[in-house]
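Each step along the sequence shown adds one to the number in UniProt numbering, with nothing skipped, and position 2 is 2.
Read the hints as simulated data drawn from the structure, not as lab findings.
Only a predicted model underlies this, so the values are computations on that prediction, with no experimental measurement involved.
Idealized CB from N, CA, C, for every residue including glycine.
Hints should not be assumed to be uniformly reliable.
[To be verified] Below, simulated DSSO-like cross-link-like pairs (lysine-lysine); rule was C-alpha separation at most 27 Å, straight line:
hint, residue 1, residue 2
1, K133, K178
2, K233, K68
3, K133, K37
4, K100, K124
5, K37, K68
6, K100, K133
7, K233, K121
8, K234, K68
9, K68, K133
10, K133, K49
11, K124, K49
12, K25, K133
13, K49, K100
14, K25, K37
15, K178, K121
16, K37, K124
17, K49, K107
18, K124, K178
19, K121, K133
20, K68, K100
21, K25, K107
[What the hints assert, rightly or not] Here are the computed distance ranges between Cβ atoms for each label pair:
hint, residue 1, residue 2, range
22, K49, E195, 40 to 46 Å
23, E230, A207, 35 to 41 Å
24, L237, R90, 32 to 38 Å
25, K107, A205, 23 to 29 Å
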Amino acid sequence: MARIMMLIALSLWLAGDASAAVQGKPVEYRAGETVLKGYLAWDDAVKDKRPGVLVVHEWWGHNEYARKRAEMLAGLGYPALAVDMYGAGRQAAHPDDAGKFAGELRKNLPLATERFLAALKLLKSQPGVDPEKLAAIGYCFGGGVVLEMARAGVELAGVASFHGSLGTEHPARVGAVKARLLVLNGADDPFVTPEQIGQFNQEMAAARVGYAFVNYPGAKHSFSNPQADEFGKKFNLPLAYHAEADAASWGALQEFFREIFQ
Numbered sequence: 001m002a003r004i005m006m007l008i009a010l011s012l013w014l015a016g017d018a019s020a021a022v023q024g025k026p027v028e029y030r031a032g033e034t035v036l037k038g039y040l041a042w043d044d045a046v047k048d049k050r051p052g053v054l055v056v057h058e059w060w061g062h063n064e065y066a067r068k069r070a071e072m073l074a075g076l077g078y079p080a081l082a083v084d085m086y087g088a089g090r091q092a093a094h095p096d097d098a099g100k101f102a103g104e105l106r107k108n109l110p111l112a113t114e115r116f117l118a119a120l121k122l123l124k125s126q127p128g129v130d131p132e133k134l135a136a137i138g139y140c141f142g143g144g145v146v147l148e149m150a151r152a153g154v155e156l157a158g159v160a161s162f163h164g165s166l167g168t169e170h171p172a173r174v175g176a177v178k179a180r181l182l183v184l185n186g187a188d189d190p191f192v193t194p195e196q197i198g199q200f201n202q203e204m205a206a207a208r209v210g211y212a213f214v215n216y217p218g219a220k221h222s223f224s225n226p227q228a229d230e231f232g233k234k235f236n237l238p239l240a241y242h243a244e245a246d247a248a249s250w251g252a253l254q255e256f257f258r259e260i261f262q
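Take the sequences, apply the hints, and build the full model.
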């Protein structure tokens with residue numbers, strides 16, 4: 001009995017120690033004259049250089065959800081930077097503001113690219129990051145951003161979009177896309193129509209891009225965010241958390257990383 005209790009105590013201590021290994025801190029960096037406020041997460045138990053990942057937030061702005069995902073990536077052994085695309089750490093409290101903030105960048109790809117590359121430069125400079133192995137993931141607005149960065153030819157091993165927008169005014173060109181793409185979509189997302197999916201597939205095929213598109217039945221927009229139900233009710237939006245799609249998409253991301261970083 002004493003031996004069993006000792007083993008249980010040891011397992012709890014190890015679990016607590018593993019959790020404590022993930023560290024995080026706010027960071028500031030610049031794109032031109034704009035101060036950007038991100039969040040860096042890493043596992044201080046990992047001593048060798050590891051692939052680094054950028055996390056691009058939803059249209060609400062850089063918030064705790066983006067930071068949580070960065071910490072989850074750090075727990076998998078990938079140093080991660082939750083970026084700030086809006087500047088000064090701005091967050092939207094209402095969809096009208098979120099639409100305005102996101103729209104400013106959608107209409108200005110050079111500005112969005114400048115801010116994304118500033119974050120990528122900061123991530124590459126971290127002592128625990130292998131600068132030759134980099135990826136980016138994004139949620140909703142952020143999913144659209146990482147797809148645009150891939151189309152623009154940013155040097156990344158891969159990008160993954162979670163319930164992100166697919167449309168673009170800058171379609172992928174043959175030979176321009178360096179990254180492999182993983183698109184994780186809710187099959188019942190009213191913001192991503194079958195027509196848009198068809199156009200995206202045609203675009204990727206024409207540009208000869210290596211990509212995978214996964215549709216999760218029953219999943220709506222923002223399916224990976226546990227706060228989606230709250231936001232949906234508050235603002236009368238078709239948002240809903242879908243636990244199965246959340247778990248499946250996170251598993252798909254891990255497999256994707258194993259493939260592109262091998």
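Going down the list of hints, with the structure as the test:
1. With a C-alpha separation of about 12 Å, the suggested pairing of K133 with K178 holds against the 27 Å cut-off.
2. Taken as a hint, the K233 and K68 pair is honoured in the structure, with Cα atoms around 23 Å apart against an allowance of 27 Å.
3. A C-alpha spacing of about 23 Å is found between K133 and K37, which places the hinted pair at or below 27 Å, so the restraint holds.
4. The suggested pairing of K100 with K124 is violated, with an alpha-carbon distance near 30 Å, which exceeds 27 Å.
5. Pair hint K37 plus K68 holds up; C-alpha atoms about 15 Å apart against a cutoff of 27 Å.
6. The hinted pair formed by K100 and K133 fails the criterion: a straight-line CA distance of about 33 Å is larger than 27 Å.
7. Between the alpha carbons of K233 and K121 the distance comes to roughly 38 Å, so the proposed pair goes past 27 Å and is violated.
8. Proposed proximity of K234 and K68 is supported: the alpha carbons are some 22 Å apart, at most 27 Å.
9. In summary, the hint linking K68 to K133 is supported, as the alpha carbons are separated by about 22 Å, within the 27 Å threshold.
10. Taking the CA atoms of K133 and K49, the gap is near 10 Å; set against the 27 Å cutoff, the hint holds.
11. For the given pair, K124 sits about 11 Å from K49 by alpha-carbon distance, which is consistent with the 27 Å threshold.
12. The straight-line distance between the Cα atoms of K25 and K133 is roughly 22 Å, inside the 27 Å bound, and the hint therefore holds.
13. Under the criterion of a C-alpha separation no larger than 27 Å, the hint pairing K49 with K100 is inconsistent with the structure, at around 39 Å.
14. Pair hint K25 plus K37 holds up; C-alpha atoms about 11 Å apart against a cutoff of 27 Å.
15. Pair hint K178 plus K121 holds up; C-alpha atoms about 17 Å apart against a cutoff of 27 Å.
16. A hinted pair counts as satisfied when its Cα atoms are at most 27 Å apart, and K37 with K124 qualifies at roughly 17 Å.
17. Of the supplied pair hints, the one linking K49 and K107 is violated, its CA atoms being roughly 36 Å apart against a limit of 27 Å.
18. Restraint check: the Cα-Cα separation between K124 and K178 comes to about 17 Å, which is no more than 27 Å; the hinted pair holds.
19. Taking the CA atoms of K121 and K133, the gap is about 13 Å. The hint holds against a cut of 27 Å.
20. Straight-line distance between C-alpha atoms of K68 and K100 comes to about 25 Å, which keeps the hinted pair within the 27 Å bound.
21. Only pairs whose Cα atoms come within 27 Å are accepted, and K25 paired with K107 is rejected, the gap being roughly 31 Å.
22. For K49 and E195, the hinted distance range of 40 to 46 Å is satisfied, since their beta carbons lie about 43 Å from each other.
23. Between E230 and A207 the beta carbons are some 38 Å apart, a value that agrees with the proposed interval 35 to 41 Å.
24. About 20 Å separates the C-beta atoms of L237 and R90, a value inconsistent with the hinted range of 32 to 38 Å.
25. Hint check: K107 to A205, Cβ distance near 27 Å, so the stated range 23 to 29 Å holds.
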